[in-house]
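Chain order of the listed sequences is A, B, C and D. Under our numbering, think of the first position of the first sequence as 1, with each following residue one higher. Under our numbering, think of the first position of the second sequence as 1001, with each following residue one higher. Under our numbering, think of the first position of the third sequence as 2001, with each following residue one higher. Under our numbering, think of the first position of the fourth sequence as 3001, with each following residue one higher.
Treat the hints with caution; some may be incorrect.
Incomplete in silico selection of chain A near chain C, CB under 7 Å [unchecked claim]:
| no. | residue |
| --- | --- |
| 1 | Asn61 |
| 2 | Leu68 |
| 3 | Gln95 |
Hints listed in this document are in silico derivations from the structure and should not be mistaken for laboratory results. Ideal Cβ positions, reconstructed from N, Cα and C, are used throughout, including at glycine.
4 protein chains.
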Amino acid sequence: MKDTYIKELTQIELNNPILIEGLPGLGLVGKIATRYLIKKLNAKKFAHLYSPHFPYFVLVNKKGNVRLLRGSFHFWKNKEGGNDLILFTGDSQSQTIEGQYEIAGRMLDFAQKHNVKTIVTIGGYRREAKDKPKVFAAATVQDLLDKALQAGAAVSNSGSPIVGTAGLILGLARFKKINALCLLGETRGYLPDPLAARSVLEVLKTTLNFEIDLTGLNEEIAKAETMVTRLQKIEEKRALQAEETRKEEDKKTTYIS
Amino acid sequence: MKDTYIKELTQIELNNPILIEGLPGLGLVGKIATRYLIKKLNAKKFAHLYSPHFPYFVLVNKKGNVRLLRGSFHFWKNKEGGNDLILFTGDSQSQTIEGQYEIAGRMLDFAQKHNVKTIVTIGGYRREAKDKPKVFAAATVQDLLDKALQAGAAVSNSGSPIVGTAGLILGLARFKKINALCLLGETRGYLPDPLAARSVLEVLKTTLNFEIDLTGLNEEIAKAETMVTRLQKIEEKRALQAEETRKEEDKKTTYIS
Amino acid sequence: MKDTYIKELTQIELNNPILIEGLPGLGLVGKIATRYLIKKLNAKKFAHLYSPHFPYFVLVNKKGNVRLLRGSFHFWKNKEGGNDLILFTGDSQSQTIEGQYEIAGRMLDFAQKHNVKTIVTIGGYRREAKDKPKVFAAATVQDLLDKALQAGAAVSNSGSPIVGTAGLILGLARFKKINALCLLGETRGYLPDPLAARSVLEVLKTTLNFEIDLTGLNEEIAKAETMVTRLQKIEEKRALQAEETRKEEDKKTTYIS
Amino acid sequence: MKDTYIKELTQIELNNPILIEGLPGLGLVGKIATRYLIKKLNAKKFAHLYSPHFPYFVLVNKKGNVRLLRGSFHFWKNKEGGNDLILFTGDSQSQTIEGQYEIAGRMLDFAQKHNVKTIVTIGGYRREAKDKPKVFAAATVQDLLDKALQAGAAVSNSGSPIVGTAGLILGLARFKKINALCLLGETRGYLPDPLAARSVLEVLKTTLNFEIDLTGLNEEIAKAETMVTRLQKIEEKRALQAEETRKEEDKKTTYIS
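The following block holds chain A by itself, in its conformation from the complex (with noise of 0.2 Å):
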């Protein structure tokens, strides 16, 4: 394999479809999103991709069998005879720049093949306030950024860059007349952010316009958080005990002068 490609798994016919991508990347939000949508969607999987700028290992699974790392394609068949929707999730980001660029160009020649005229990519977002996290959004046409923007997301702040297939591949949907947006939710980034996530789902489904329940996303967000506070409370301890021991050595040092 000298290339990134595509294997098909089965000939599909897709009623203009929307193409949503979700990779790893901060706080996993990106892939808890798309795999949410596979998994309650019941999509099916029809196409799968190999790049070798994935890192060089493979996985095993439970049974003892193995596989390389790739990305997944799925299709969603929309019954009410809207928009169908592709899915997109996988293992890894491109270990190498040039990867990078052309792992995005192959999705994006996949997806003109498929004739899909919009994408969506989700990432996550450098968390500073401590507020309820936002969802930032960044489009290559107005009217996308618009609909997302009225579903309750907030522009992406001027300047700052999007990192990895998430932004390249709107960076290079111009190129191929494909319209795209891009919505990153507010995370801590240390720890997969099923709550970021799901922010970045519920303005998904008003953007696109189409149903989902998002209850059983719940769970496993409470689980985060109880991690989250356990983790800080580790910390709190940790820097409690600095604090006694630096008070310690003060003491002796004042001792001594």
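Dock chains B, C and D against chain A, hints included.
Relative to the frame of chain A, chains B, C and D by itself:
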């Protein structure tokens, strides 16, 4: 996108054009100088350069619109009959070694196609002394260098390398039978340096014998100087505090022994 | 040399051959195991694999002769009519990501050309417990895995990656319709580990149903154990001294405060 | 420029030429030795090697003229009817792994084109002992190695790698049916080492059976020795001061406990 490529937005006919290049680098000297020329001459964009060797992120503008990192070519029609200008600047230099050579190579192909006979590249040069910042010149042919020296530049120090696109264009220009000059403005380099950019432009306008009002840079220069002064004061204060702390600690130690 | 390539030294006809691969990695398990097979079976070299992705140095032998880093294919004719073997080992793994994919790909092309239907790759696995080192197995098909499990292997831990050539060959084998099994011997990993290599070979010979005397590894195992014991004693002594030093310093501190 | 390439400046006919290569490396041994040969033999430049794998900067000469990093081939006509020489040196080695293989490969293509049957590469070897610096030899064929040993070289240590172009040329020479010898001069390596270069040239002239006066290196050797002595004195002084400081601090500590 597997290779660097240039996308022309409009077809133009230029009269004996000179190409001026200034990408981000030390003190942003090249970029500030070229952007000033573009703005002041009201030059028009006519081509973009894209490369998979640029960093793998996209930029968001104030309106939430997204674009790839790129370089941009602008043209200016000289109404007095002298050389037209092509002005090139961009967001970034290549992140890989091979990309550096590839991008400089593509720019030269493009220059050749547009019948360019002379190129001037602009960059920064690490400033050692505290005197008025000099402009250093290096060239592929003697008469171009002589013009720059007569215009106030000093000969670039022998042995000191010119790094990145500004240098490689000169190195590769020979193979295309294009003459090239590099002007490096002395700069501290850790902040955008419009003063160094103005010094370069003063040399440039005399070298190429065209008129341009540089007073538009003065405000930016004043702002940059205020910033530098402020940073220096913070630095001095820090140094003083560090000195105090050191003395305190010395005292303690003295008491002990 | 722009690409990895395989140079055949002699043309051979093999009977339903199985390829066994063992390159340097954790504890050198794969290399020690494969080299032992080659020596014990008196397998003959018939091809070399060269790659610009190997490290850029050459090796000197005792006679002052020089050669590139490379991999070597050996064959063994099974006189009892069962599967012949192709045994592959080498000096190094690829130093680049793309090279890892390229080398595994070329090996599979070569295997296909020689009508290989089954590949076994050998590697090391970081050992946590102090018990007898286990052998972990993963495979592309269930019946191959089952054979390894019946031969004493445990199922490789789900989620833990198999890094490098031993893993990628399994990942890529699918595309060539070749079945592949990976055997990983548990090892501390910081020293060559012939004990782990023997554990793997015990599983391998039962899995593939061929006879080989493994007592030839015992001397090497004894030597390695002596080395480990010696290193552990040095380590313990160091730890004791560090403890002593710490206590001395504690005393001083106590006197002060 | 996407690949390494060689640009011939003049067409020459050489009589059974031997290629001698010396690029920058440990102690600059190869470059100093080759440059001395070029100067002393008054060899003429006839080709340049350029590569996108060299570092991405250009060099400025005293006149303010600019050029790419490159390697240069020079030729020397042997008036006594023996082998002519091709002498190769340059500014830098490749900065990438693949580039190392590519450059060595192109040099061998070029050598083959000019009917070269023998290549000698020159480099440095990390010196451990304080004795007179030795010259180590390794070769692709025994008789070439024997000649070097008879000329005073020692057999290169088995197992120790020869890194970079000097090594890869030997590794790749086999495929072109060219014989190659590598001579490594022992050197401390942290400073340019003309003494090691002279040791290599002494072996080289006997091995290839041609006359050259090496006294021209003596002045450079004397200068280098002065430099080394000076650096050693500074080093010793530093060590002494550090010892003093340590004793002072020990005293303090003793007073306390």
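task = Hints the structure violates: just list their numbers, smallest first.
result = No numbers; nothing is violated.
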